[in-house]
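For the sequence shown, the positions run 33 to 234 when our numbering is used.
Distance condition first, Cα-Cα at most 20 Å in a straight line; then the derived SDA-like pairs of lysine to any residue: (1) Lys59 to Arg144; (2) Lys87 to Leu159; (3) Lys41 to His97.
Computed beta-carbon distance windows for the label pairs: (4) Thr77 to Asp164: 24 to 32 Å; (5) Pro111 to Gln153: 41 to 49 Å; (6) Asp117 to Gly182: 17 to 25 Å; (7) Asp208 to Leu161: 23 to 31 Å; (8) Lys40 to Gly195: 38 to 46 Å; (9) Glu175 to Ser76: 42 to 50 Å; (10) Arg220 to Ser76: 42 to 50 Å; (11) Leu66 to Gln113: 45 to 53 Å.
Calculated from the structure, these hints are not laboratory results.
Quick caveat: nothing in here was measured; it's all calculated off a predicted structure.
Ideal Cβ placement from N, Cα and C applies to all residues, glycine included.
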Amino acid sequence: MVGLRERKKQRTRRALIEAALRLFDEKGYEETTLAEIAAAADVSTRTFFSYFASKEDVLFDDSEHRIERALAYLAARRPGQPPVDLLRGFIEHMLTTTDDVEELWSEHTALRLRLITQEPQLQARALHLLFDSQLRLARALREAYPDLLGPVEAAAAVGALIGAVKLAVMATLADDRPMEQAWDAARRAADVALSGVRCLGG
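Kindly generate the complete structure, drawing on both the sequences and the hints.
The following block contains the structure:
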């Protein structure tokens, strides 16, 4: 059971994230200051720094949580489950399942992606996180199938899958289509990517 102190911290973190996103949307990322975010959340700038090192960190607050959840899904594969089935299930799991940490961000996916595509600083951070997460996922996939996949095969499978899904989502949102269509595009892209990775079988 979460204690009162922890619930208060969660509320403050959420208030800061919501305030930052609202201001980024209204004013622009570069034009928004830390002081403005803190004031909009009704806290001090010092309190802001208790939760985030920078406004950039606000936009990527859930990144480590999401990769940990992804790694846990791969590690929990069923005995005898083919790699292609595991990865298809992995994409569906990440698209349809959220927890308390990710609930807020699921409502602002389009805004976050728009900001990332507009700001070079955010693009650099997003690329770093993407490369790191792909390396960790490839390692986890290889560990799940040590007798079937080598490092190259695991890396190729993860790179093809994640790259296809992310680009499909961004291309769909760039056409001002709703998130539901972006998720459908992600599923189609996953099918295309996995059908082309012969080493996975299935």
